[in-house]
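Undergrad: Sequence:
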Amino acid sequence: MRNLYPESQLTVSNDTRRGRYIVELIVTEKNNAARRIAEILSEGGASTSQVAGVNVYEWGGRRCIGLSGHVVGVDFPPEYSDWRDVEPAELVHADVVKQPTQEDIVNALQRLAREADDVVIATDYDREGELIGKEAFELVREVNEEVPVQRVRFSSITDNEVRSAFADPDDIDFDLAAAGEARQVVDLMWGAALTRFLSLSAGQMGEDFISVGRVQSPTLKLIVDKEREIQAFEPDDYWELFADLGKDDSTFEAQYFYENPEDGTEAERVWDEDDAEAAFDVLRQAGEAVVDSVSRRTRTDDPPAPFNTTQFIRAAGSLGYSAGRAMSIAEDLYTAGYITYPRTDNTVYPDDLDERELLEAFQNTVFGDDAESLLEQDRLSPTEGDEETTDHPPIHPTADFPDRNQLSEDEWEVYELVVRRFFATVAEPAEWAHLRVVADADGESLKANGKRLVEEGYHAVYPYYDSSENYVPAVEEGDALAIADARLDAKQTQPPRRYGQSRLIETMESMGIGTKSTRHNTIEKLYDRGYIEGDPPRPTTLAEAVVAAAEEYADLVVSEEMTSELEADMTAIAEGEKNLEDVTAESREMLDRVFDELTASREELGEHLRTSLKADKTLGPCPECGDTLLVRQSRTGSYFVGCDGYPECRFTLPLPSSGEPLVLDDVCDDHDLHEVKMLAGRNTFVHGCPLCAAEEADESEDRVIGPCPDCGEEHGGELAIKQLQSGSRLVGCNRYPDCEYSLPLPRRGDIEVTETYCDDHDLPELVVYDGEDDDDPWELGCPICNYEEYQERQRQKGLEALDGVGPKTAEKLEDAGVEDVGDLADADPEGVAEQVSGVSADKVRDWQAQAD
DNA sequence: GCAAGGTC
1 MRNLYPESQL TVSNDTRRGR YIVELIVTEK NNAARRIAEI LSEGGASTSQ
51 VAGVNVYEWG GRRCIGLSGH VVGVDFPPEY SDWRDVEPAE LVHADVVKQP
101 TQEDIVNALQ RLAREADDVV IATDYDREGE LIGKEAFELV REVNEEVPVQ
151 RVRFSSITDN EVRSAFADPD DIDFDLAAAG EARQVVDLMW GAALTRFLSL
201 SAGQMGEDFI SVGRVQSPTL KLIVDKEREI QAFEPDDYWE LFADLGKDDS
251 TFEAQYFYEN PEDGTEAERV WDEDDAEAAF DVLRQAGEAV VDSVSRRTRT
301 DDPPAPFNTT QFIRAAGSLG YSAGRAMSIA EDLYTAGYIT YPRTDNTVYP
351 DDLDERELLE AFQNTVFGDD AESLLEQDRL SPTEGDEETT DHPPIHPTAD
401 FPDRNQLSED EWEVYELVVR RFFATVAEPA EWAHLRVVAD ADGESLKANG
451 KRLVEEGYHA VYPYYDSSEN YVPAVEEGDA LAIADARLDA KQTQPPRRYG
501 QSRLIETMES MGIGTKSTRH NTIEKLYDRG YIEGDPPRPT TLAEAVVAAA
551 EEYADLVVSE EMTSELEADM TAIAEGEKNL EDVTAESREM LDRVFDELTA
601 SREELGEHLR TSLKADKTLG PCPECGDTLL VRQSRTGSYF VGCDGYPECR
651 FTLPLPSSGE PLVLDDVCDD HDLHEVKMLA GRNTFVHGCP LCAAEEADES
701 EDRVIGPCPD CGEEHGGELA IKQLQSGSRL VGCNRYPDCE YSLPLPRRGD
751 IEVTETYCDD HDLPELVVYD GEDDDDPWEL GCPICNYEEY QERQRQKGLE
801 ALDGVGPKTA EKLEDAGVED VGDLADADPE GVAEQVSGVS ADKVRDWQAQ
851 AD
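Note that full-length UniProt numbering numbers the first sequence so that position 394 is 394, with each residue one more than the last.
Everything labelled a hint here was simulated from the structure, so no lab data went into it. Small disclaimer: the values here were computed from a predicted structure and weren't measured. Any given hint could turn out to be false.
[Unchecked claim] Straight-line alpha carbon distances no greater than 25 Å define the calculated SDA-like cross-link-like pairs of lysine to any residue that follow:
no.	residue 1	residue 2
1	LYS30	SER328
2	LYS614	LEU679
3	LYS614	GLU675
4	LYS98	GLY60
5	LYS578	GLY606
6	LYS451	GLU266
7	LYS447	GLU476
8	LYS525	GLY191
9	LYS614	THR584
10	LYS447	ALA484
11	LYS525	LEU566
12	LYS98	GLU79
13	LYS614	LEU630
14	LYS491	ALA548
15	LYS447	PRO473
[Stated by the list, open to error] Simulated restraints on C-beta separations:
no.	residue 1	residue 2	range
16	THR684	GLU409	16 to 26 Å
17	GLY53	ASP369	45 to 55 Å
18	GLU273	GLU660	41 to 51 Å
19	GLU273	TRP412	51 to 61 Å
Beta carbons are placed, not taken as given, at the ideal position from N, Cα and C, and that holds for glycine.
Generate coordinates for the entire structure from the input sequences, incorporating the hints supplied.
TA: In structure tokens form, the structure reads like this:
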């Protein structure tokens, strides 16, 4: 293979005729990688410019551009885009075409490619990276038929890896890329055709379509299956017995056990009440228990493996973060340079990582003591997990330590988790001393298991695992211990636990469905589609119907086998044993057969889906006509409760104006109606029974607080605290609807009208007792002042409406004097970029464009 | 407007 990088080529003359001496274009998967590779290869000498608004790093004879993952996507030709004009089954044999999805980046890439004498593809070292590389290659070929294109592969962006990869470039693996393309085509075909079929047959178009896919549907089936198990579960009664045994002045707890007559194993649960009572009588009357045996052993407790995405999500989950939130924080920390790439399957640190050096970077930080103690160990041998992949290193902190004040509390907490996980992986194992005592009480057996942490090991630096001890005193064989107390606990077997988000992601990983980058999105998609609700997620009636329909007619698409078969096919393509056409043709045949059956059952299926959709919207009996109350949507898009007997019955109830209504399982005792929850992201709240809310509003009296600032002088209008049927409260003019003056009030809590008046508005100050903390009520103050302050905060938060601006960035922007969108418009992008860490001038221009 | 996969 030709070496592209003889040293002489690295120094190119400074001729100003642009493009003339450009020898090489490097293409990476993302901007971050482009920047870091440029830094390494240019030894810090790269300059940044924009081409078509895309960052390009340039030095010597090289230019480096980062894509944004796939910049082209597969789709059907436009003549298939109208759902009603095209039979879904036709999609099975429709062409699949590729189109740019990120025009700016495609333009920039092609502009640079025209001027390139050499192209090097440096996308991620995994299958999807190979495909993204091939897509870049095709875009390059469109504008430059001659230029040689090569491929470099490295699994972490470090000096060594990058330099040696570029010193020995390879070719694109077109077979591997074709494997990825097969996946694209198969997923599109199955997903789009079945999604359209189910949606059309149920009459659900527009936003509320019914979606099906190779990854989302098996995931949904996991949740539905678990719910089926829970519903089918019948609890069994059992009993457990405990006794407090005295040793010296203290007691410890021991549990009754017996030998299972069937297999000789040790059992604690007693399934017969009489047996349990009999054993209980013996324990109560025995008075003492004689120690039969005392056994001691030590157990080594190895530190955990490095974080891959799934294990990171799990650990963050135990701190209370949803999978999506954990990933979003990790992405921010990565972009800011504090942790490595958060999307990885790898659980083995690369050879390039110098753990000692990385620990030293923490010596003068708040983690200094822990870092020091680890550095004092004789050797640092990091743990390894089972997965060693080429994609990226496991998630670990970088040597770039953040300023704690620049991070939000959540970001800091997650950052600390990543730091401590890294510490744990290089720490010593912990050691536990176990003590098992078995005693006899008149023929019945009692046991106590004690454990003590004798070597703290990694627990000293990683406090996230339970390391609580259980004290059992050192007794000796033959000791007689007083039975201080005996207890008989009646218990019931519990239904299986629902999947939490992180267990769901772990299960998806073990089934091989989805990827490190998409699993958390799949779960969010299920929420968005109205398939699941709550946390841990529970399936809606619609979800149960969709899974049941898929099981009956297209079993493959809800099974993990679809993925495993596709994986096998992809491997075959990558190894040259099959080709893309073989695999997609097979898939088309299968899908044809599925559609034969589906088409025959279209009516029945549609009816079932419609019924299920209705069930998810059903509240209960209409108080006027006894028919069914449903959540409905008006032509303007707002939600309300209406009667299924419309137009004969015109009974309605309002719903809150913010959020999407979700019908809960809980039923109101007074009206037999299901309660309603309003989903609005972080502002989600339970509205309760809409009829109760309406009745409460009707019963509550308006409380007049002062003159209306709009019409008080002219017409004598007065402001009053009002409760509306929709559950919202406001300060409004009593001349409504002639005067529409109003101020919002919080939905919850008792509002007290104080004797203190606002000087500016002549209105009393208000205090809200929300019931949770009566000692520290919310001093809302004058409602006009309060609303003005609220609006001011919203104006500032306007910054957060911009893409990529979170609360943290908004804060930083405010510090830099950019307090609202208006300031942003006037700001100098370069100046802002200089003042605000982690924000490029380019990003600022992007925000300015958005704000327009 | 459909999927899943990248990335922001």
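Undergrad: If a hint holds in the structure, say so; if it does not, say that too.
TA: For each hint, the structure was consulted:
| no. | hint | verdict |
| --- | --- | --- |
| 1 | LYS30 with SER328 | holds (17 Å) |
| 2 | LYS614 with LEU679 | holds (18 Å) |
| 3 | LYS614 with GLU675 | holds (16 Å) |
| 4 | LYS98 with GLY60 | violated (34 Å) |
| 5 | LYS578 with GLY606 | violated (38 Å) |
| 6 | LYS451 with GLU266 | holds (19 Å) |
| 7 | LYS447 with GLU476 | holds (14 Å) |
| 8 | LYS525 with GLY191 | holds (14 Å) |
| 9 | LYS614 with THR584 | violated (37 Å) |
| 10 | LYS447 with ALA484 | holds (15 Å) |
| 11 | LYS525 with LEU566 | holds (22 Å) |
| 12 | LYS98 with GLU79 | holds (15 Å) |
| 13 | LYS614 with LEU630 | holds (8 Å) |
| 14 | LYS491 with ALA548 | violated (34 Å) |
| 15 | LYS447 with PRO473 | holds (13 Å) |
| 16 | THR684 with GLU409: 16 to 26 Å | holds (21 Å) |
| 17 | GLY53 with ASP369: 45 to 55 Å | holds (47 Å) |
| 18 | GLU273 with GLU660: 41 to 51 Å | holds (48 Å) |
| 19 | GLU273 with TRP412: 51 to 61 Å | holds (53 Å) |
In summary, the numbered hints that this structure violates are 4, 5, 9, 14.
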